[in-house]
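**Q** This is what each chain is made of:
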Amino acid sequence: MNSHCKGEMPIDTENDIVMARKYVREAAVALGFGVTDVTRIVTATSELTRNIYVYAGSGIIRWHPINGNAAGLELVFEDHGPGIADVSLALKPGYTTSKGLGMGLPGSKRLMDEMEVLSEIGKGTIIRIRKWLKR
Amino acid sequence: MKKQKNASTPKSLDSEENFRLLVDSVTDYAIMMIDPEGHVTSWNTGAEKILGFHSEEIIGKHFSCFYTSEALASGIPRNELDLASTQGRIENEGLRKRKDGTFFWANTIITPLCDEKGIIFGYTNITRELSDRKKADYTRSLIEASLDPLVTIAPDGKITDVNAATETITGCSRSELIGTDFSNYFTSSEKASDGYRQVFREGQVRDYPLEIRNSDGRVTSVLYNASVYRDESGAVVGVFAAARDITERKLSEERIKQQSQEILELSTPVMQVWQGVVAVPLIGCLDSQRTQQFMERLLDRIVETNSPVALVDIMGVPTIDTQTAQHLIETITAVRLLGAQVVLTGVRPAIAQTLVHLGIDLSGITTRSSLAAGLLVALDLLKLQVVNKSDNR
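Taken in sequence, the protein lines are chains A and B.
All residue numbers for the first sequence refer to this note's numbering, where the first residue is 1 and numbers rise by one.
All residue numbers for the second sequence refer to this note's numbering, where the first residue is 1 and numbers rise by one.
Check before you lean on any hint, since a few could be wrong.
[What the hints assert, rightly or not] Distance ranges between label pairs, derived from CB positions: (1) B:S141 - A:E8: 18 to 26 Å; (2) B:G284 - A:G122: 35 to 43 Å; (3) A:N15 - B:V356: 24 to 32 Å; (4) A:G7 - B:L95: 44 to 52 Å; (5) B:V356 - A:S98: 21 to 29 Å; (6) A:R62 - B:V356: 24 to 32 Å; (7) B:I178 - A:G122: 42 to 50 Å; (8) B:V386 - A:E74: 48 to 56 Å; (9) B:D300 - A:V18: 23 to 31 Å; (10) B:E304 - A:E8: 42 to 50 Å; (11) A:E74 - B:E304: 24 to 32 Å; (12) A:S98 - B:G284: 20 to 28 Å.
Hints were generated in silico from the structure; no laboratory data involved.
Since the structure is predicted, the reported quantities are computational estimates derived from the model, not experimental observations.
From the three backbone atoms N, C-alpha and C, an ideal C-beta is built for every residue, glycine too.
Please construct the entire structure, taking both the sequences and the accompanying hints into account.
**A** This is the structure we're talking about:
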C-alpha cells in the first residue's frame, strides 16, 4: 500500500470533480480492485462530489484503505451545505431537487457495498461509502 | 599624549609601552595589527570585547574569520588589504562575524604600515560596531532594494511609509503617497480597505488579490501578504504589506484557459464516415461545457451532411456518471428531434454494469460494444449491405 491509497482534497469547482475521480481511480487501482469495481468506485465518487458541488458549493473528499478482517476502500464526502431534509426520500430513485436524473444517491448506494448518510438541515452532510476487496 | 603625564612618573615607562597601554585601554574600538598576508599580530581589549576572541586565540589567525561567508566567497578581505595598500587607507561598512557566530554591522578602517623605504610590513585595522541608527539605515537599504512594493498603513488607512518599488508601481512619489489613503491606489478602493481592515482584525492576511492602478492608468494585478507590526510595548502600530506582481502568472493562466478551449474544440470532431452516417468519438470527461459544444457540433453536422444516423462512441470516456448519462440522453433526444437516429457505441463491460447499477435507462437507445458493430447498424438503417466481393462471383 502506498501513499496514493490515502488522501483528501477540497471540492470547490467542477474541475475538482475530475481531479477527485483521477485520485480515487489511482487509489482503487493501487489497492488491487478490478476494472469493474474501479469504475463503480470512480462513478460513485463522481456522483457524490458532484452533489457537493451542485448542492453545497464546496466540501471535501477523503479516502483511505480499510484494513482488518476485510480489506477495502472507504471514501468520505463532507460538506457544510444545506443538508438533506429527508434522507430516505433522497435515496429513492428519480427523486431530485435539481434538474438531475435523481439517480446519483441511490445509484451510488447500489454501486458500493455500503453507504451511510448523515445529514442535518442547515449544517451539512457526511456520506461514507465502502467497497470491499473480493478475494 | 597629555594624559600620560601622570603615568610617566614615577616609573618612567618607555613610549612604546605607553602607547601599548593607550591602545589597550580603548574598549569601544577593536584595534588590531595585521601582517602583510592578513594574519593578526596584535589585539587590544576593545577587539576582545567586540569580536569575542582572546588575544591568545586570535593572534596568528587570518583576519578573514571576521567576515561573512558571502564576503569570503567574493574575496573581500584580500581586496580590502590590496585597496588599502594602493589607496593608503580604506574605510567601509559591512557585516562582521563574532567568535560566537553572531553578526554585527561594523565600520572598518584599514591603514597600511610602511617602513622608511615605503615597504608595507603590515596593516592596522580599526573596527567599530555601528550604532542602532546605522543598523536602521542598513535595514532601510534592504527594504528599498526589495523588488516587491512594500507599504505601511496606519489604523485609519493612511499610508505611513513606502519603498521605491511602491513608487514605481503606483507612479507616485513617496511624498505624494505618504499621508494619503491606501485604498486610493487600487481599481477597487472598497476591496483595498476591506483588505487592510481584515489585517487589523485578524493579525495577518495572505495572498489578498488587488489591482494597483498606476497614475498613467496601467493596472497591475498583485497578491498582498500583510501583517500587523507592534511597538516595544506590544501595541499594534500599523500594517506592513508586501505586494507581489502576478501579471505574468495571470497571463499564463489566460493562456492555459485559451489552450484548454482549443483542446475542447479539437477533441470533439464530428466525422462523416459514410454517405448519411456521422460519427463522434468522445474522449475524456464530459462536463456540461463540453457536452454543449459536442451537441451543437453534432446537430450542425447532421443537418449539414443530411445524415439520418449518428454514431456516438464513448470508448474514450473513462467515467459515465448520472450527469454524463443525462447529457448523452439529452443529446440523443435532440438528434431525434432532427429526425435522425443515434447509435451509442464503444460501451465497455465495466461501463455497462455501472450504468445498470446507477439505474440509468438506456433501453430506448440502440447501443453496440464497438464502433464497427455500430456502423453495421447504421448501414442496415440506410438499407445498405456490405457484401464480400468473392461471394458475389
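**Q** Each hint needs a verdict: does it hold in this structure or not?
**A** Comparing the hints with the structure gives:
| no. | hint | result |
| --- | --- | --- |
| 1 | B:S141 - A:E8: 18 to 26 Å | violated (45 Å) |
| 2 | B:G284 - A:G122: 35 to 43 Å | holds (37 Å) |
| 3 | A:N15 - B:V356: 24 to 32 Å | holds (28 Å) |
| 4 | A:G7 - B:L95: 44 to 52 Å | holds (46 Å) |
| 5 | B:V356 - A:S98: 21 to 29 Å | holds (23 Å) |
| 6 | A:R62 - B:V356: 24 to 32 Å | holds (28 Å) |
| 7 | B:I178 - A:G122: 42 to 50 Å | holds (49 Å) |
| 8 | B:V386 - A:E74: 48 to 56 Å | holds (51 Å) |
| 9 | B:D300 - A:V18: 23 to 31 Å | holds (27 Å) |
| 10 | B:E304 - A:E8: 42 to 50 Å | holds (47 Å) |
| 11 | A:E74 - B:E304: 24 to 32 Å | violated (50 Å) |
| 12 | A:S98 - B:G284: 20 to 28 Å | holds (24 Å) |
Checked against the numbered hints above, the structure breaks hints 1 and 11 and satisfies the rest.
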